Amino acid sequence: MSILDSNIPEGPIADKWTKHKNDIRLVNPANKRLIDVIVVGTGLAGGSAAATLAELGYNVKAFCYQDSPRRAHSIAAQGGINAAKNYQGDGDSTYRLFYDTVKGGDYRSREANVHRLAEVSTNIIDQCVAQGVPFARDYGGLLDNRSFGGVQVSRTFYAKGQTGQQLLLGCYSAMSRQIGKGKIKMYNRHEMMDLVLVDGKARGIIARNLVTGEIERHSAHAVVIASGGYGNVFFLSTNAMGSNTSAAWKIHKKGAFFANPCFTQIHPTCIPQHGEQQSKLTLMSESLRNDGRIWVPKKKEDAEAIRKGKLNGTDVPEEDRDYFLERRYPSFGNLVPRDVASRAAKERCDAGYGVGTNETGEAVFLDFDAAIMRYGQETANVQGLHDANDKKVRELGEKVIATKYGNLFQMYEKIRDVNPYKEPMKIYPAVHYTMGGVWVDYNLMTTIPGCYAIGEANFSDHGANRLGASALMQGLADGYFVLPYTIGDYLADDIRTGPIPTDSPEFDEAEKNVQKTIDFFLNNKGSKSVDYFHKRLGKIMWNQVGMARSEEGLKDAIAKIKALREEFWKEVRVPGEAENINQELEKAGRVADFLELGELFARDALERNESCGGHFREEYQTEEGEAVRDDKNFAFVSAWEFKGEPSEAVMHKEPLNYENIELKTRSYK
Amino acid sequence: MSANNGMNLTLKVWRQQNQNAKGNMETYQVADISPDSSFLEMMDILNEQLIEEGKEPIAFDHDCREGICGSCSMFINGEAHGPGKEITTCQLHMREFKDGDTIYIEPWRAKAFPVIKDLVVDRSSFDRVMAAGGFVSVNTSGNTVDANAIPIEKADADSAFDAATCIGCGACVATCKNASAMLFVSAKVSQFALLPQGQVEAKDRVMNMVKVMDEEGFGNCTNTGACEVECPKGISIENIARMNREYLKASVNGDN
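Protein sequences appear in the order of chains A and V. In terms of our numbering, the first sequence is residues 60 to 728. In terms of our numbering, the second sequence is residues 2 to 257.
Excised from the complex, chain A in its bound form:
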């Protein structure tokens, strides 16, 4: 019997959430005024939670490391947000969204959580429209939809290629309203340094004011971690430069179990690395796969000529192109899920058909030519231009593409200095999102009482692979519609507690430890910068714990990361002072945590002797290179308990019981 209690309510899946809401305890409005809640992170999950908790009457303290809550990295999400509205009348339903998400996650997510997510998805769209989020509309004035990978309906709502921005600004607006009222006290440019436990409950945090360097104590009756994912453990990823795992890792070290760390999403369509000076990677939205076709040359000599810059993609005749996703997966084509598309691209590049001009030659084409001509012809017909020549059709088609994806095309052109309307884009997979995260129960509470984790920071909804446009949905579902209700059940015990004092020995101790680490960094007489270590960690992770993993490679990675961590603590150099903005000091603390997480990540990958979703073990594949899942032995969540060194962490298993969906081999053929 597992020591993990997921607290899933009894009853049929479609009734669980409604019944649970009816059964859990409430805190009356007058008592909410007596309760403080800390929210760390102001992305879609944290921002929506902070705003909603404040609307309900709680006193919220919100923290972000950026200079404004509006800058959290949710802002960069491009393509869209899913919701089972069935506005297109194409057969969508709550059940289908639930089913697609569980299947897309390769049957490694928790059914009850995913069903709830699908249920509240429709509320999110209503709420956002009411807030003034300008979603794309059609000429009749109603909301428009597009399709994303792994599904056969159009349920994705969008605002050009800036959906995350518009949704986050909606949250930020809702927060701003509460900040103006004084119900949210906003701490910009603050970083959570540690969690404070009093009598085993989360009762506050130690934070560093990133401008003055002051170490501050903040108390509350509950702490919500909404600090996002840990993709930057790879150094190069599509995450923001500041995205980090520290808040999640600190609570892990205080008793919160960390679940499925090896489930990481490598996104198929990113701009390839240009060279060694690269600091981050840029995503090209999955929405582009609605209209873009992915291909490499059929002939190796063509691929080689392109790599050497002697041949252009546009010069390769149609019959010499291998549209490998359409070939291998005819029913989903270019819209297979991300893990499948990424592996297929890697397979072609490894086999010598890559078209990248960089050192590795790793890139495939994402081509809009067919779409431009198709849309152009459609527009020509509508405008009655029946004898329009190719040039005119192309011109009309480019305009349509510009209205759909204009900002993405602009981004591509700025980075690559190539006009993607005229030449196919070159793309390659990159680390994008982490499905793993802090283990939470149905109420989104971690294994620490009073400590919650929401959004990408938790693990529960996406299994081993997240479907496109589902991250925004989950962040907002957790923050607007789940946590604000489930947290009441816990806080109902705290209506008579009164303010939590910050002069207790627990706060003293936590602050002392934070100060000790800062002093260490600033006084260490090392010779290497923080980035030096971060880049090396990233290389180990990408080469051995990335898109393809093997027992041998993982064992080697574990040893290398451990050695690198030891070297880091001896050799790191952090210039500057503590009482001022010190970006190197900030990075040092974050990389120290990545160096621990990286090892646990590799251990988790080593223990999972199967291939599922984004976790691909070379030992477990079919002859055609498809993943081989092992439901008999691995249909569980691995939840790691901290015991000191990552090598000593203990794995607990939460069995995954599928009562509503039959476990099947995923097929997109």
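Since the hints were made in silico from the structure, they are not lab data. Since the model is a prediction, treat every value here as computed from it, not as a measurement. Don't be surprised by glycine CBs; every beta carbon is placed ideally from N, CA and C. Every clue listed holds true.
Ranges of calculated distance between the beta carbons of each label pair, as one might list FRET restraints:
hint, chain 1, residue 1, chain 2, residue 2, range
1, A, 707, V, 33, 43 to 53 angstroms
2, A, 66, V, 24, 49 to 59 angstroms
3, V, 143, A, 268, 32 to 42 angstroms
4, V, 218, A, 275, 24 to 34 angstroms
5, V, 28, A, 481, 38 to 48 angstroms
6, A, 623, V, 203, 49 to 59 angstroms
7, A, 200, V, 144, 16 to 26 angstroms
8, V, 144, A, 312, 36 to 46 angstroms
Once you have looked at the hints, place chain V on chain A.
Relative to the frame of chain A, chain V by itself:
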């Protein structure tokens, strides 16, 4: 990138220890910069070099590095976000410069954006303007009307979107000779003015946001249009005209 097409550059960078310290320009050299690198990657290289030399690296705001978070904020060779149209500093690439160039790098300069270290400024005045009215007062409920209950004309929805794409970087303020925030504030006022959801509070919104904007020390608008030219998101000054109309309407009809 091979060494032979790397660039050697001279950088003149504003250094300032903290908000109260007096700052000055310092000169640095960087070598072998790839034209494919972004401007901020060039700054990373310079910082690595400074750390190597035992010096303090240059503090600058940056985060997403894909032109959407609005963190980066450098005044490069006298231009907000440097040369190039409709880009942020992080989207500026070194291919815009030539081997041997001297590049001047300064922070945003405005009374309402005090410099707090090197190239980092405090833009929290923008947050305070937003808190004064940059929202629709609707609580989270799950019982709001269906998202398709009120059709919105596509042209209005698109214009609202265009205004809403503002990233709050502050280039408009930094580039304006009056350090006016009219483009920023009008973008938010316009977004809501164009949508039915924004109508209910339209009057209070524009009055309150403009009031706080003035209190924060932003200057007035004298229609030079520099903000529109430097805006990385191409926000149009038509929004300022719309805000002026909204303001006038509210002043005439209102009891403010």
